[in-house]
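Visitor: Sequences listed follow chains A and B, in order. Residue 1 is where the first sequence starts when you use the numbering used here, and the numbers rise one by one after that. Residue 1 is where the second sequence starts when you use the numbering used here, and the numbers rise one by one after that.
Keep in mind that the hints were calculated from the coordinates and are not lab data. Keep in mind that a hint or two might mislead.
When the alpha-carbon atoms are kept at most 25 Å apart in a straight line, the in silico BS3-like pairs for lysine-lysine are as follows [stated by the list, open to error]:
1. A:84 to B:117
2. A:40 to A:84
3. B:117 to B:100
4. B:117 to A:40
5. A:40 to B:100
What follows is each chain in one-letter form.
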Amino acid sequence: MLERDITVSNRLGLHARASAKLVQALQGFQANIFITYRGKEVNAKSIMGVMMLAAGLGAQLRLRADGPDEEAAMAAMVDLFERKFDEGQ
Amino acid sequence: MALGRARLEQPGRILVDDRPLAAEEIEPEVERLLAAIGLARDELRTLRDKLHGTLASDVGDFLEAHGLILADRDLVAGLVDLIRRGRYRASAALKLQRDKLVAVFEAMEDAYLRSRKEDIDHVLGRVQAALVRESSVEERKLASRVGEILVSDIVAPASWCRWPRTAYSARC
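Between the sequences and the hints, there should be enough to build the whole structure, so can you do that?
Guide: Set out below in structure tokens:
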């Protein structure tokens, strides 16, 4: 199992479109992937779960991946956050 | 000032049938809901495929997100559960789920995220619309309407892109 802390750095936070990109990026992975924010843990492959986190700019998240391809899944997830979901800001 | 025939669209307003389901009505109602969700997803996919130019990236991202919301297992399972266990009709289940989700959005601290309760209204409103029509024939007729005044407090991204650019001359 892998865990990684990350900060939401795109200006609009985890809104529907950013959440959709996250879910799409994770769809091909077998690993179970979760995001925790303010004590609430959600399935990162569920767009409703991710949106309901209400994670805005600056939110400190904990990412957790558990499964045969956990390393690749975690890398894909971190890459998306670091690219600010390709929103440019 | 505009004069003409007006059509009112309220995607966030859900007409609710509050009568509880009889036992034998439950499974057909589940099927009706799932068919409406499927129709709404098909419509979003069709609209997404039609996009080109600048609309393709901006509106396309919204349509992708809305399609994923409709495919969300938890959302669909929650609606089906309301029908099976609560004996709600599909329209009432949609209204209950919408109100519950919107309440979560309205409690969000971040102003932009709070405003995105519109996504829920657009998506569930689309399912509601699909429930009350058998096909999207009515939507296809929209492009040919001339001189009609659309009145709506919210216009969904999916609505903007289903009209050809020449189909509207002004908005305010």
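Visitor: Does each hint fit the structure? Answer for all of them.
Guide: Do the hints match the structure? See the list:
no.	hint	result
1	A:84 to B:117	holds (22 Å)
2	A:40 to A:84	holds (22 Å)
3	B:117 to B:100	holds (11 Å)
4	B:117 to A:40	holds (20 Å)
5	A:40 to B:100	holds (17 Å)
Of the hints listed earlier, there is not a single one the structure fails to meet.
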